[in-house]
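K.L.:
Generate the whole structure from the sequences, applying the supplied hints.
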Amino acid sequence: MTRPTALIADDEPLLRELLRGHLARVWPELEVVAEARNGREAVELFDTLLPQVVFLDVHMPGLNGIDAARSIARRAQVVFVTAYEQYAVQAFEQGAIDYLVKPFDEPRLADTVQRLQERLAQAAPPDGGSLDAVIDQLSLELRKRASARAYLQWIKASVGASVRLIPVEQVAYLRADEKYTLVAWEGGEALIRKTIRELADELDPERFAQVHRSVIVNLHQVAQVNRGPNETAEIALKGRREMLPVSRSFVHVFRQM
Amino acid sequence: MNSVTDAPPPPARSVLAALTLRRVLIALGLAVLVAIVLNPVFITPFVVLLGRTLVVAMVLLLVFIAAGQWRQRWLPGWLVRVLAVGFAAPLATFVVYLPSVGGDVMAVLRHEGRLSGFILIASCALVIGPLLALGALYRERDAQARSQGLQFALEKSMLERQALDAQLRLLHAQIEPHFLFNTLANVQALVESGSPQAAAVLKSLIDYLRGAMPQLHDDAATLGNELGLVRAYLELMHMRMPDRLRFEIRVSDDLKPVRFPPMALLTLVENAIRHGIDPSEQGGQVDIGAQRDPDGRVRLWVADSGVGMSEQAAPGTGLTNLRARLRAFYGESAQVELIEQPPHGLRAELVFQAS
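First to last, the sequence lines map onto chains A and B.
For the first sequence, position 140 matches number 140 in the numbering used here, and the numbering has no gaps at all.
If you want the numbering used here, it's the 1-based position in the second sequence plus 257.
If you're looking for bench data, these hints aren't it; they were derived computationally from the structure.
Any given hint could turn out to be false.
Looking from chain B toward chain A, a few residues come up when the C-beta cut is under 8 Å (computed) [stated by the list, open to error]: (1) LEU447; (2) PRO499; (3) ASP500; (4) ASP510; (5) ASP535; (6) GLU568.
The beta-carbon is built from N, C-alpha and C at its ideal position, and this holds for glycine as well.
P.N.:
Structure (structure tokens):
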């Protein structure tokens with residue numbers, strides 16, 4: 001009978017070594033055929049070596065463990081490895097998915113190994129259904145956590161020779177200036193290439209409002225709004241002299257205030 | 258802080274605002290007093306006399322307030338207001354006499370009784386009006402000074418509150434469990450394999466934990482101590498990703514005693530790892546440096562060659578609070594700047610006036 005085979009994927013080399021050492025004690029017959037440093041490598045190595053068991057760290061650069069599992073699932077027994085992702089542990093528990101928590105605890109590893117051995121002995125196909133659901137759920141969660149917010153958090157603007165990252169909360173207003181858009185923030189003014197229309201879509205509407213065809217204002221920086229002729233208005237900003245126009249079609253922004 | 262430069266309100270409204278009940282009562286009271294004092298000299302009935310002094314008093318009060326609204330640059334504001342009241346006193350008295358003679362100017366000047374009445378009322382107004390104006394001006398200035406003092410106290414208390422908030426946030430979950438458990442798993446690996454590295458790594462972990470624990474006293478808040486914390490953190494990260502992280506700390510010894518808010522530099526270094534190095538398969542380099550600018554300010558930077566920060570990247574509470582913390586620590590001139598580092602990566606700079 002051939003020895004069972006496994007792949008270990010973790011971006012931290014000492015942890016790959018650690019898991020390899022524990023497996024050698026708990027499951028001496030298991031042959032670790034390869035180690036991967038990230039999700040992309042894991043998928044590539046899996047496709048060439050086709051091991052029966054894959055240990056996937058959840059948090060890896062590039063392709064994370066969850067997304068790597070998407071390409072591997074159903075073709076191997078997948079065991080996730082995680083340090084403290086509570087949301088992940090919850091999802092694994094609910095979906096009855098195999099997982100290990102770092103730092104490792106040998107009796108727990110032994111339980112997992114026993115389940116894997118039973119499944120390999122029955123030649124049972126990996127349970128695809130619940131794994132797919134958990135992968136979808138966690139993939140979404142990870143993307144949410146990995147910084148990608150729906151709205152702009154920074155405005156990248158050229159100031160002198162360098163590109164500054166300006167936190168949006170420091171921006172007072174944005175005003176169309178021919179082909180460019182002028183950004184006025186606490187530290188000065190700069191031109192960016194994005195148009196007012198693009199910015200209106202990308203900025204958080206809770207904080208920013210378009211008040212004129214060519215002007216977006218940070219509502220937190222408005223000192224007062226003065227009513228003008230013909231249903232227009234003018235905005236005075238905190239700590240700034242310049243006034244911003246509010247055109248008729250945007251006056252409603254301030255109506256309820 | 259929020260120095261609100263409101264647009265000036267329309268003149269009509271501010272005149273009304275300046276026309277306080279107190280001012281009106283004082284003006285009316287004095288008018289009554291003048292009428293009582295002058296009554297024995299006049300042959301006109303008391304009510305007519307009182308009417309005249311009341312009108313003159315109200316006109317002078319309005320002139321005083323209106324002159325305060327007039328924006329000009331040639332004369333000091335208080336002088337304009339006192340002069341305006343002085344000029345208005347005889348003029349208003351004269352106008353008050355006109356209705357009784359059907360608007361005939363000469364009728365006032367020719368009639369001896371009316372002329373002396375006019376002179377009496379006008380001189381009373383001329384003496385009392387400007388004196389009262391000076392008194393009101395003094396009170397106004399006093400109130401202004403008090404409101405400025407209040408404003409100042411308010412700003413100060415807001416700064417203090419911000420510093421306190423930042424400290425409170427520091428007390429909460431400073432050490433990320435994900436970081437701690439991953440690091441402990443690495444230590445476990447070193448210990449189990451009997452690696453001689455284990456002792457050194459444990460020392461880094463202890464240094465990091467000690468530095469990251471909330472400090473109740475700020476005595477240890479120096480740049481040197483912060484650099485010790487940052488070095489311990491980077492040593493641990495380097496153990497975890499030896500193939501992906503390189504780092505260098507270059508700060509001259511003479512800057513190390515500078516007072517520095519705890520965790521401020523660590524926040525930037527953690528940000529460089531989280532957004533720059535960790536998401537990259539190749540990893541990169543983190544350089545930390547400091548210098549004293551010719552103007553005496555200290556410039557401190559963390560530059561990484563990672564993947565850079567996306568425009569949607571959530572700044573994290575540490576980075577969001579950093580500016581407020583620095584300002585509470587060093588004053589308003591302290592700055593945080595994030596700059597893209599070509600060809601890829603991020604450079605964060607702190608600039609502050611250190612004592």
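K.L.:
Are the hints correct? Go through all of them and say.
P.N.:
Going down the list of hints, with the structure as the test:
{"no.": "1", "hint": "LEU447", "in the structure": "holds, 7 Å"}
{"no.": "2", "hint": "PRO499", "in the structure": "holds, 7 Å"}
{"no.": "3", "hint": "ASP500", "in the structure": "holds, 7 Å"}
{"no.": "4", "hint": "ASP510", "in the structure": "violated, 29 Å"}
{"no.": "5", "hint": "ASP535", "in the structure": "holds, 6 Å"}
{"no.": "6", "hint": "GLU568", "in the structure": "holds, 5 Å"}
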